[in-house]
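Peer 1: Sequence order for the protein chains is A and B. In this text, residue positions in the first sequence follow UniProt numbering: the first is 1, and each later residue adds one. In this text, residue positions in the second sequence follow UniProt numbering: the first is 1, and each later residue adds one.
No lab work stands behind these hints: they were computed from the structure. Computed from a predicted structure; not experimentally measured. Ideal Cβ positions, reconstructed from N, Cα and C, are used throughout, including at glycine. The reader is advised that the hints may include incorrect statements.
[Unchecked claim] One side of the interface only, derived from the structure: several residues of chain A facing chain B at Cβ under 8 angstroms: (1) Thr-53; (2) Leu-55; (3) Arg-78; (4) Leu-83; (5) Asp-91; (6) Asp-93; (7) Ile-102; (8) Gly-108.
Chain by chain, the residues run as shown.
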Amino acid sequence: MQPSTAITVSHLTKTFGAKTVVDDLSFAVKSGEVFGLLGPNGAGKTTTLRMMTTLLKATSGTVTIFGHDVRQESRLARAMFGLTGQYASIDEDISARENLMIFSRLNGLSRTAAKQRTTELLEEFSLTASADKALSDFSGGMRRRLDLAVSLITRPGLIFLDEPTTGLDPRTRSQMWTTIRQLVAHGSTIVLTTQYLDEADALADRIAVIDHGKLIKLGTPTALKQQIGGATLTLSLAKATQGSLAQRLLAQALHAQPTLHGAQLTAHLKNPNQITDLLVQLQAADISLANIAVQEPSLDDVFFALTTGKIKNEVPDGNSNTTW
Amino acid sequence: MEIQTQHGNLIGNTLTMAYRNLLKTLHNPDRFMDVIIQPVMFMLLFGYLFGGAIAGGVQAYLPTIVPGILIQTLLSAASGSGAQIREDLDSGVFDRFKSLPMAHIAPLAGQLFADVLRLLVATVVSLLTGYAMGWRPTVGFGWIIVIAALAIFIGWAISWVFALFGLLAKSSSMVQSVSMMVMMLLSFLSNAFIPLKTLPHFMRVIADANPITYVITAIRQILAQGAWNNNAWIVLIFGIGIVVLFAPLTVWAYNHNN
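Produce the complete structure using the sequences and hints provided.
Peer 2: Structure, rendered in structure tokens:
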């Protein structure tokens with residue numbers, strides 16, 4: 001049986017010259033979960049992933065993969081995981097089949113085993129028809145599939161995916177999600193980085209929000225959403241002239257400050273039951289609605305709430321010791 | 001289901017990497033263009049341009065220029081491995097090599113192993129072009145093999161130097177331009193194309209000290225006498241010296257990249 005902790009990252013720090021890219025990061029990834037590293041461009045996600053996957057030496061701190069330290073026992077650690085990098089880490093000049101064969105051999109498979117595994121993976125990732133074509137004819141989605149197939153040659157229990165859907169069209173993106181979910185169903189532990197909040201929301205069991213190399217928040221998508229609490233109510237009025245009256249009623253009913261844009265009112269909704277009151281009052285005032293929408297907080301909201309807070313607290317006097 | 005694997009087999013991994021480099025070349029034959037076109041072009045150009053002026057005729061010039069072009073081509077082929085390694089390092093695929101539980105040095109070793117093939121092609125094309133222009137060595141075929149092997153070994157030894165440079169340099173375009181300059185200086189400031197006695201004193205000192213001059217002299221002597229000579233010993237020891245010195249340096253630089 002696999003141990004319950006797949007990865008332990010403790011006090012991981014990376015500096016390039018005077019610039020601290022990853023700043024004292026600590027977290028643990030449980031076996032069998034999908035762990036999302038979420039953050040904007042330049043937040044330090046890829047640098048963190050590169051240190052976790054033995055590609056980059058940490059300035060300080062340690063990473064262990066299934067108990068193997070990535071620096072001291074790098075070869076043992078490397079045998080534990082598959083990696084799909086941000087930039088297609090496949091050989092552009094040779095065919096899909098040749099890529100799979102070569103990486104199978106480099107992974108230590110015998111020639112016959114390599115051949116068999118190559119055929120299996122080509123089939124599994126619907127690449128059989130294009131197996132011997134030049135990769136230059138491959139679409140972005142096919143490249144990612146091949147890339148992922150190469151990472152799965154040894155059926156690793158742990159898979160790192162660095163921005164697996166960046167640059168893919170929506171259809172290919174949802175195919176990629178399906179593939180990732182299948183991997184999870186087979187019991188793999190997955191660590192993925194993404195700058196797409198909906199992706200982390202859709203795939204990850206737990207999310208670490210990272211910005212400026214620091215861990216801002218760690219939790220389940222639901223917990224993160226609860227952090228900012230409540231939903232957003234949007235009302236579209238039939239008549240824009242009733243805007244200010246409706247705004248007043250909304251303020252009373254919801255105990256919030258609604259914003260008015262033309263005929264559209266937006267307000268924070270703490271408790272869904274408040275709507276009932278509101279609708280009664282609107283009817284009494286003879287205000288008719290064109291549309292009504294209640295929106296759950298998205299991770300975008302969570303993210304912006306967390307990161308804009310940081311910027312606000314970074315006062316110019318250099319006192320930026322904000323606690324989260 | 002468990003996948004049976006064997007980790008870190010250096011020879012197996014190196015052969016796989018060499019096979020990869022070979023496949024890359026087969027899919028992109030233009031990678032061979034430099035080692036095919038360059039010797040043909042220079043041999044024709046220099047042979048017919050300078051033959052009359054330097055040796056009184058193309059036929060008389062061929063014994064001088066064939067070894068000269070051969071070594072120039074090998075230098076150029078060797079300088080290509082630096083750019084190739086830099087390109088590989090800059091591409092995403094290298095990250096995967098590094099993240100695999102394979103012999104760490106295999107990508108580098110595979111590259112240098114595959115370089116031998118390029119050097120072989122360069123040698124064959126150079127000698128065949130000379131033959132087509134009328135070059136008829138008087139020594140037996142066995143000695144042709146000997147000079148080809150010596151030239152390839154020297155070219156391979158020098159490719160370690162360029163590999164080191166490729167590892168230390170910032171970009172592949174920089175590697176290419178600097179390699180080109182080094183290659184030009186080494187081949188032209190030698191006895192590859194001209195008799196050194198015509199040179200002004202300071203240039204002659206440089207050309208005499210140029211290791212390429214020794215290599216070319218050794219090859220010419222073997223071709224003239226049909227016997228191994230002292231210069232050939234010097235060249236062979238020089239080649240071994242380069243490998244002994246630069247192989248560990250290159251490996252070290254490779255390990256410390258990142």
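Peer 1: Taking the hints in turn, state whether each one holds.
Peer 2: Right, here's what the structure says about each hint:
Checking Thr-53 of chain A against chain B: minimum C-beta separation of about 5 angstroms stays under 8 angstroms; hint holds. Interface hint at Leu-55 of chain A: satisfied, since its Cβ lies 6 angstroms from the closest Cβ of chain B, which is below the 8 angstroms cut-off. At about 4 angstroms, the closest approach between the beta carbon of Arg-78 of chain A and any beta carbon in chain B falls short of 8 angstroms, and the interface hint on this residue holds. A least Cβ separation of about 5 angstroms between Leu-83 of chain A and chain B falls short of the 8 angstroms threshold, and the interface hint therefore holds.
The beta carbon of Asp-91 of chain A is positioned within 8 angstroms of a beta carbon in chain B (closest approach about 5 angstroms), and the interface hint is therefore held. Contact between Asp-93 of chain A and chain B, as hinted, is supported at the beta carbon level, the nearest pair being about 4 angstroms apart and thus within 8 angstroms. This hint holds: Ile-102 of chain A has a C-beta 5 angstroms from the nearest C-beta of chain B, less than the 8 angstroms allowed. The beta carbon of Gly-108 of chain A is positioned within 8 angstroms of a beta carbon in chain B (closest approach about 4 angstroms), and the interface hint is therefore held.
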